[in-house]
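Undergrad: These protein sequence lines map, in sequence, to chains A and B.
Counting from 1, position 26 in the first sequence corresponds to residue 26 in this note's numbering; the numbering is continuous, with no gaps.
Counting from 1, position 407 in the second sequence corresponds to residue 407 in this note's numbering; the numbering is continuous, with no gaps.
Quick caveat, the hints were computed from the structure, so don't treat them as lab data.
A portion of the hints provided could be inaccurate.
[As the list claims (entries may be wrong)] Quick partial rundown of chain B residues pointing at chain A, CB under 10 Å, derived from the structure:
{"#": "1", "residue": "3"}
{"#": "2", "residue": "9"}
{"#": "3", "residue": "53"}
{"#": "4", "residue": "529"}
Glycine included, every Cβ here is placed at the ideal spot set by N, Cα and C.
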Amino acid sequence: MNQTVMIVDDSLFMRNILRGIVQEKGYVVVAEAASGIEAMKNLHTHKPDLILLDIVLPDSNDLELLESIVAARPQAAVVLCSAIGQEDVIRKALDIGAKAFLQKPFNPEKVIQVLENLGG
Amino acid sequence: MDMSQYRDLFVSEARGHLNAFNELIVRLEGSDGDKATINELFRHAHSLKGMAATMGYDPVAALAHAMEGQLSRVRSEECPFVPALADLLLESADNLGEMISQVESGSETIREAAELVERLASFNPDEVKSEPDAQEPDPVRTSQPQAPAHNFRQSDTFKSIRIRTETLDHLVNITGELITNRYHLVDCVSQYGGNDFDEPIHRLTGLLRELRDEVFKARMLPFAFIAERFPRLVRDLARKQGKEISFHLDGRNIELDRAILEEITEPLVHVLRNAVDHGMEPPDRRVAAGKPLNGDIRLSVTRDKDHVDIVIEDDGCGMDPERIKSKAVEKGIINGEQAAAMTPQEALMLVCAPGLSTAESVSDVSGRGVGMDAVRTAVHSLGGVLTIQSEIGRGSRFIMRLPITVSIINALMVKSGNFEIAFPVNSIRRTLELKPAEIIEEAGQQAVLIDESYVPLRSLARLLGHPPQPASDETLIPVVICESGGSLVAFAADRLRGQQEIFVRPLGPPLSQLRGINGATVTGDGRVVFVVDTAALA
Numbered sequence: 001m002n003q004t005v006m007i008v009d010d011s012l013f014m015r016n017i018l019r020g021i022v023q024e025k026g027y028v029v030v031a032e033a034a035s036g037i038e039a040m041k042n043l044h045t046h047k048p049d050l051i052l053l054d055i056v057l058p059d060s061n062d063l064e065l066l067e068s069i070v071a072a073r074p075q076a077a078v079v080l081c082s083a084i085g086q087e088d089v090i091r092k093a094l095d096i097g098a099k100a101f102l103q104k105p106f107n108p109e110k111v112i113q114v115l116e117n118l119g120g
Numbered sequence: 001m002d003m004s005q006y007r008d009l010f011v012s013e014a015r016g017h018l019n020a021f022n023e024l025i026v027r028l029e030g031s032d033g034d035k036a037t038i039n040e041l042f043r044h045a046h047s048l049k050g051m052a053a054t055m056g057y058d059p060v061a062a063l064a065h066a067m068e069g070q071l072s073r074v075r076s077e078e079c080p081f082v083p084a085l086a087d088l089l090l091e092s093a094d095n096l097g098e099m100i101s102q103v104e105s106g107s108e109t110i111r112e113a114a115e116l117v118e119r120l121a122s123f124n125p126d127e128v129k130s131e132p133d134a135q136e137p138d139p140v141r142t143s144q145p146q147a148p149a150h151n152f153r154q155s156d157t158f159k160s161i162r163i164r165t166e167t168l169d170h171l172v173n174i175t176g177e178l179i180t181n182r183y184h185l186v187d188c189v190s191q192y193g194g195n196d197f198d199e200p201i202h203r204l205t206g207l208l209r210e211l212r213d214e215v216f217k218a219r220m221l222p223f224a225f226i227a228e229r230f231p232r233l234v235r236d237l238a239r240k241q242g243k244e245i246s247f248h249l250d251g252r253n254i255e256l257d258r259a260i261l262e263e264i265t266e267p268l269v270h271v272l273r274n275a276v277d278h279g280m281e282p283p284d285r286r287v288a289a290g291k292p293l294n295g296d297i298r299l300s301v302t303r304d305k306d307h308v309d310i311v312i313e314d315d316g317c318g319m320d321p322e323r324i325k326s327k328a329v330e331k332g333i334i335n336g337e338q339a340a341a342m343t344p345q346e347a348l349m350l351v352c353a354p355g356l357s358t359a360e361s362v363s364d365v366s367g368r369g370v371g372m373d374a375v376r377t378a379v380h381s382l383g384g385v386l387t388i389q390s391e392i393g394r395g396s397r398f399i400m401r402l403p404i405t406v407s408i409i410n411a412l413m414v415k416s417g418n419f420e421i422a423f424p425v426n427s428i429r430r431t432l433e434l435k436p437a438e439i440i441e442e443a444g445q446q447a448v449l450i451d452e453s454y455v456p457l458r459s460l461a462r463l464l465g466h467p468p469q470p471a472s473d474e475t476l477i478p479v480v481i482c483e484s485g486g487s488l489v490a491f492a493a494d495r496l497r498g499q500q501e502i503f504v505r506p507l508g509p510p511l512s513q514l515r516g517i518n519g520a521t522v523t524g525d526g527r528v529v530f531v532v533d534t535a536a537l538a
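Using the sequences and the accompanying hints, generate a full structural model.
TA: Structure below.
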């Protein structure tokens, strides 16, 4: 069965691009969210297998949202997306339970590579 | 992957970031630089950089990166936010705006801003400060032929504009006329024939529908627009009377036509006021009745297809239909016989009868009499329906069912004698055809049996003041069944001509005084057809 994905990013532009990339590879985008609140709501209704999460959102600070997501749905694989390349943020995120890190700007190959590595 | 499909979205979102960026810089200058604003500025530059890099617009990404870098230094207090930096950031934002315009116009290359990037990277607040005379024009700025800030293109900043309401009203009128004209055109074509017209008329119909929807959309405002003052109103009234009331407001984002909001504001205030004044018991009486000390008043708006329901409910003392009836008999509004025949639902609607009561005389009964006739009139004149529900000791509920827009409505065109009148489809429950034998005569009143209940039958011919056509036993009588104040009423007609979209115009005096008529429309072939107010006819 195809894996289901939720995309969390406050930019519609980014969400559209990510959607285009993952759909082409057969993932099913079941939900999108532009804010932390929306993300949590969709998490409960759509129960995605994979979550692409932008850590810079207007209504959430640092890694709070990641913590809530991991607590609410530990079986989902969270891939953190952001242009912030700071090592300590990545390390913290991985400690909390993020499965991978995707650094912006990304091209389609990079996104798919990260997602496919998750499966392995 | 073809990235060009995301270009328009990039342009519009990038412009959004730039607008916000400009606004924040100006705010920051005034407020002496608070941390939250700096963070927000940083976030906009950062998002723009990420988007541009993803699209491969390197010059945009490079400039946004330089801005982000400088803001990062401000954030960590390495560098103060001095006016010269504000200038530089605004100049950069303008430059980004130009780059985005180049993207939008589909140009292959984007002009780089290496010099600006360099100036941002090497910005030193102390150098600027140590300049002897700040009044002197900045040498770098004067080397530019013109300040780009005043060179923006229209599309850069004017995403939304203010429009006078008269202009919008005028647009609705023109749209209404166009719709009327289309009917006329269709009539002509069907008369003179010609298949060649089918396609253009089909397209015209689609375009008109689109035009109508867009024009109406432009007139919509969220309910919050009028509801913002209600919580305060309820609170102040409750205070004055020593009552404890929690006010709840649901559905504030539901949109309605501006004209409807305008007309419904006073009636809503009125019903809310009554709910506090008369619906809600004083705290000691609530406690004595075993209810929570704190009363609830809830105003909720919900949308259902092409109408909205505005519901005001309280958990107060409710209204007693029997006492309302006896009050009405006492006042000579109805006689005892009528009172006996009334359902509780109909009795409650008596509070809307003009002259039923004044607040002083019945505040012990229900006190809903004041001005409720004005409330009902307002709801009806908008093509809506008012329903009242109440349970003694438990509370009351006032439901206003309103159309979302006025002016252009779906109507059933009905013929009676030489008259044609229009019934708003909103107010029709169903239509059917009756055999004369199915009409029940009782005490001079006609009625029909529908779903096992008696529904009064009114002859449109009689209401319109012309002699009813003698019907043979064989002819079927078309009947329109409408809902009015919670009960049904049937209207007998000669012919139902079908449904049509009509443009309703309000009537001026003296026609506006006519009872039972809400407005008029001009048909495609130029006849005037009145739009009935079914509640008033019932």
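Undergrad: All hints are to be evaluated individually against the structure, with a verdict given for each.
TA: Against the structure, the hints come out as follows:
1. A cut of 10 Å between beta carbons decides the hint on residue 3 (chain B): the least distance to chain A is about 8 Å, and the hint holds.
2. A distance limit of 10 Å between C-beta atoms decides the matter here; for residue 9 (chain B) the minimum to chain A is near 5 Å, and the interface restraint holds.
3. With a least beta-carbon distance of about 3 Å to chain A, the hint placing residue 53 (chain B) at the interface is held under the 10 Å criterion.
4. Hint on residue 529 (chain B) is violated. Least Cβ distance to chain A is approximately 47 Å, over the 10 Å limit.
Hint 4 from the earlier list is the only one contradicted by this structure; the remaining hints agree with it.
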